[in-house]
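Peer 1: Okay, here's what each chain looks like letter by letter:
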Amino acid sequence: MAGSRLLTYKEKNTWIHRLSGVTKMLFFLLWSITGMLTYDTRILIVMLILSFVIFALSRTEWAQVGTVFKFILLFLCLNLLAVYAFSPHQGTIIYGTETVLAFSGRYSLTAEQLFYEFNIMLKYLTVTPVVLMFIVTTNPSEFAASLNKLGISYNVGYAIAIALRYVPDVQADFTKIKHAQEARGIEMSSKTSLWNRLKKMSMIIFPLLFSSMDRIDVVSNAMELRGFGKHKKRTWYMARKLTRNDYLTLAFVVAFAAIALAITFSDGSRFYNPFV
Amino acid sequence: MTPIIEFKNYTFKYRSQTEPTLLDINLSIYPGEKVLIVGPSGSGKSTLAHCINGMVPFSFPGESTGTLTVNGMDPAQTGIFGMSKSVGTVLQDTDGQFIGLTVAEDVAFALENDCVAQEKMFELVDRVAETVDIKRLLEHAPTELSGGQKQRVSMAGVLVDDVDILLFDEPLANLDPATGKRAIDLIDRIHREKKKTVLIIEHRLEDVLYRDVDRIIVIGEGRVVADQKPDDLLVSDVLIREGIREPLYVTALKHAGCQLTAEDKPEHIETMRLERHREKIREWYGKVTLPDPKGEKEPALEILDLDFSYISGNPILANIHFRINRGEMLSIVGKNGAGKSTLSNLICGFLNPDRGKILLNGADIADKSIKERGEVIGLVMQNPNQMISKPMIFDEVALGLTVRGVPEDEVKERVGETLKICGLYPFRNWPISALSFGQKKRVTIASILVMNPSVLILDEPTAGQDYRHYTEIMEFLKELNEKYGITIVMITHDMHLMLEYTDRAIVIADGQLIADDTPANVLTNEQIADRAYLKKTSLYDLAVKCGIEDASGFAERFIYYERQVRENGRLQTADL
Amino acid sequence: MKQKFGIKQVVAIGIGTALFIVLTNAQVPFMIVPNTALQSRVAVLTFFSAIYGPIVGAAIGLIGHALGDALFYGSIWWSWVFPEAIFAIAVGLFSERYKVKAGGFGGKEIVLFNVIQVIGNALAWILAAPVLDIAIYAEPANKVFGQGAFAFLGNIIVAGVLGTLLLLAYSKVGAKSGSLSKED
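Respectively, the protein sequence lines represent chains E, C and G.
Residue numbers are given in my numbering: position 256 of the first sequence equals residue 256, and the series is strictly consecutive.
Residue numbers are given in my numbering: position 226 of the second sequence equals residue 226, and the series is strictly consecutive.
Residue numbers are given in my numbering: position 86 of the third sequence equals residue 86, and the series is strictly consecutive.
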């Protein structure tokens, strides 16, 4: 689709692509949990470097993720500014010292605040490359099969598969409906009042939702006619067996998470404090 | 031989309805037969299919009396899963039936649910993919496939289960004519090679008869009205009585006053015996005289040297150049994906051309917004459910006016007037959900008409409609055109529609305009028809077989005569 | 919950999630505060939760939000994913009481639905999301509670207006045409 900034899977032959979806998902989950829990700057820096190494190894091209990456940076900047605007002394509260670098009064800029916000930035950036890598290197079909292997009900796995299957169709419906409504005189601009915006939103959502309700009936009939839900288990055409690389990757991420968290919490605080 | 499907005194009533949908059905279908089931919408033909695959009573509950046996089982006892081992159903909506993320997964879907081992699946999927010729598509996603290819995937998906009975629910509904022809060919091949019992439910009779069927069963108001060999059925008047369109050549022969018999073998025009009728046809051809063509009119819409591409170097449309005259009724035809929708998107301003101009009433509209264009060029989408955004009819039709700030009194007056034109006035206070599909279509047309556009563009206005509803919608559009002078442009691949209701056809193939001519000329020109995935009309074959050189003139005369018949009832040739 | 979990529920999660993801891209900026906008996807989540109940709703909220974030923004804010499910469960728990499918969604039900959606949104955005933000990202309390309040406001408006209208319209689909008469 032209102009869409949706991230998509792209087939390539690297060892990361060949890993099972289970492995990549567990990696991604453990990695983001670690990234969420720790505020230890040293660990975050190590994670950031590793993230970019993994990203490079997956041979992901800038064109695949560029637009999204720019968006993330913009968002990150806004968020950092918001943190400063709302709570310019959060760093001081956390680290217990106050080293004013510039300005004075409510918005005096402290080294602690800068360091705290630097950590927030690191937290975002360590997770992002892994999410991007996960999406562009994991075949969605194999991903659904993988979930089932993790012991998650195949109903859930298949619901996700259906979602991914119908996103392009729903997107096409959305565009068609939006066009037709615009031709009838509904402009989706943000210039009008709140009430008007809601009304206009409803003029697209109504047809989109009700034609989708018809689709639910058709799809569930089609699935039933072909025996979905007949047995407690099902097999998957796209399933992939775990290989040596999968086990190595899993061992690495489990060990890394354990060590990282152990270091983080060894002194009883999740923050690394260079100020004392 | 024992029948593979047998209905005995079978009656079925849906729980939500007061009257039974199927009444006292007695019907036997034998192993290896290929049977066509026809009937207008609401006749119960789909319900009949649902009884066979177990959707009735499991997905659509209701009560039945009498007996039904399919492959030795009672579907009401065996259930949908049990029946799916015997009956493979290919649904009309190929997008809805395509569940997998890729072709291979979709074909394997039934196997996955049966816990077949992965190795075995690879083998079975490969084999069945070969049968329906989709092997090179196995890794493709549904968005990369055409309608015809999706349908092949659906077929593979049920064949992989090695079922005995194949049930096709309106297989031609979403296909362009040439693709439909290929689908019928494939069904025929599977029937012969795999020795399956095949049931086809369809109202496009002529298109299904492209290949032999053993029997045709006509369903009308829940009963079996006829159960005959095609040759016998075609010479009777059952089809007309039940509101099903006969093959065009049969209608033409009947117009010419020929008394057809089964010995004439009317099932296929290619092999029909016409010796007895040649003279009558030639005589009729000589008698019908065409009115003088309408004089040149002012242009309403001019498309000048239009180019468009999403990615440069990969043109979707190139050098498109044509004009639409005021008061014309015109069709834009071509296979799916040829660029027809892109063209209407350009006209409406959803997309901007790379080169070229669009003039409306002589003025360039390049700097007009989507909204401004919408006031003069109305677009009606194929699926009315994708346009309707208000629960009540009045509000829906008024929408275009209220967002433009038209005063309330005027809105009321204009909406009332439009509803009267569209025959919806008596329903004005109904919720839209209570309307039939055809009525909803009218609501969407009304919601555009209310803005007084000078040009109306309709995307597949009659898709999926049976003959009666098709005629209803088209006669309504014709009235709008004739009485109110609205220029009507229809994007379609329905050959009957272009032939019967439009004066001119713009043919687009692979992004180029390849013909701008009368529909009769387009549909009797093999080269153009092939490139645009259309199908030569059977009138062409009839003319050629009767030794009439001007096949297109013959088609034109037929259409003209048909229009007169529709307006005045069947005429004598002498009256013309 | 008496509702059985069958094929229809699986498909409803799938299609609902697809809608949710597509509409992720179609939000109207509400204020220049990150993560807050008038989100049309909230209407979809509200609608599906009220029709299909808490399991379908929670699944759409979780999967839709996580996938939508990942596909469009390349990051997943878990602290905002889980509250989505909390809201869906709250609305979904009372799905039978709204009587939407039976065609009985009227005055009393509308009030009930709106009380529940406001409570659900409060639990999700004023309580859960900020608390998770503080726990996970150690963000300043006043900032995240501010964000939460904006999200709460935006979402109760969307769920209250669009949600109510959608349910009203869908409730009428079941209305019998037999009770209607033509007028001259």
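For the record, the hints were derived by calculation from the structure and aren't laboratory data.
Any given hint could be a false lead.
Unchecked claim - Examples of chain C residues lying across from chain E (beta carbon under 8 Å, computed):
1) F109
2) V225
3) A226
4) L379
From a predicted model like this one, the values you see are computed outputs, not experimental measurements.
We treat Cβ as the ideally placed atom computed from N, Cα and C, and that holds for glycine.
Peer 1: A separate judgement is required for each hint: does it hold in the structure or not?
Peer 2: Status of the hints after comparison with the structure:
1. F109: Holds. Min distance 5 Å.
2. V225: With a minimum Cβ separation of about 28 Å from chain E (threshold 8 Å), the hint on V225 (chain C) is violated.
3. A226: Because about 29 Å separates A226 (chain C) from the closest Cβ in chain E, which is outside the 8 Å limit, the hint is violated.
4. L379: Holds, because the Cβ-Cβ distance from L379 (chain C) to chain E comes to roughly 5 Å (cut-off 8 Å).
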